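Student: Read top to bottom, the protein sequences are chains U and W.
Per the working numbering, residue 1 is the first one in the first sequence, and the count goes up by one each step.
Per the working numbering, residue 1001 is the first one in the second sequence, and the count goes up by one each step.
Derived from the structure by calculation, the hints contain no laboratory data.
Each statement offered as a hint is correct.
Computed cross-link-like contacts, DSS-like style, restricted to lysine-lysine with a CA-CA straight-line distance of at most 25 Å: (1) W:Lys1026 <-> W:Lys1053; (2) W:Lys1119 <-> U:Lys11; (3) W:Lys1053 <-> W:Lys1119; (4) U:Lys74 <-> U:Lys11; (5) W:Lys1053 <-> U:Lys11.
Partial pick of chain U residues on the chain W-facing surface, computed with a CB cut under 7 Å: (6) Val15; (7) Val22; (8) Gln24; (9) Phe42; (10) His43; (11) Arg44; (12) Val46.
As the structure is a prediction and not an experimental result, all values here were calculated from the model.
Where is the CB? At the ideal position from N, CA and C, for every residue including glycine.
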Amino acid sequence: MALTKQTITDKIESVRVQNHYVLQVREAVQVLEDGNLLSQNFHRYVLNPDADTSTITDATVLAQFNAVMTDQIKQNYQTFLASQTDPE
Amino acid sequence: MSVIQDNSITTNSVKPADGQSLVLKKAGGTASITVATNGEATFAENIILTANKGLSFQNHSVSSATGASSTTSDNVLDDYEEGTFTLTVSSYTGGTGSPEINSQNTNIGDNNYSSNYTKIGNIVCISVSIKLDTNSATPIEFGGLPFTVSSGGGGAQMEDSTDSNILAGIVATHRGTSICRYLLVTSAANSGASRNVSFGFSYRTS
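In isolation and in its complexed conformation, chain U is listed as follows (with noise of 0.2 Å):
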């Protein structure tokens, strides 16, 4: 009987918001025991278009958000930033 612990990449989600995507990232936490899940916890972060690749650490994720984050998504986000009025 052993007892195991991981993080896998469980659901990767491409949002369009306008006229630029959105990456969803869904990690999975989880406790196994002799292969079998007993639990885990979801943790969940956002991947913009302008996010900083070099903190991809999911070849996964990062080839994917290589595939959606072309350069006009890149500047359609950008645009996008410009247009939207600071929420204070």
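Based on the hints, put chain W in the right spot on chain U.
Tutor: This is chain W only, laid out in the frame that chain U set:
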């Protein structure tokens, strides 16, 4: 329990004997689904829906004028999730000191420093705890919300656990991003000290 094939109706159905409930058992022999004589169903285990399906409340939206029920997705509860996220300080220009996120909230004995979220449908509710070196009214901009924001605005009531005061605060979300801006509004009597602040708010996502 006997089960009677009801041949009086045109659709296939299973009907228990009068006065008996209908019980579907799992492999181990214990009840999994019980339909009582009044029609109420009890599920002994989780109800697992297939992808992109939810619980529809469309019959709760029957029009009094026409008797017609809504068939739109607005009546479908299609998501529930809870977990943690990592709030970050993305901007604190002009502020004093460095805000610390999820710092120890000693006055309320809170040892859970993580930022938590619960998503119900398209509403995301978050709760966080931060420590400020000062109560400067300088806005703090946070990044790292668990879901992108689909509409701006929001408000929060905050507890200052340093002196157990309830403070007013403003949280503004940036639509289309995972960023929110937090502005603490407090009285002069509470100013100047390092303080722990806990707050939560909700916002819409797509």
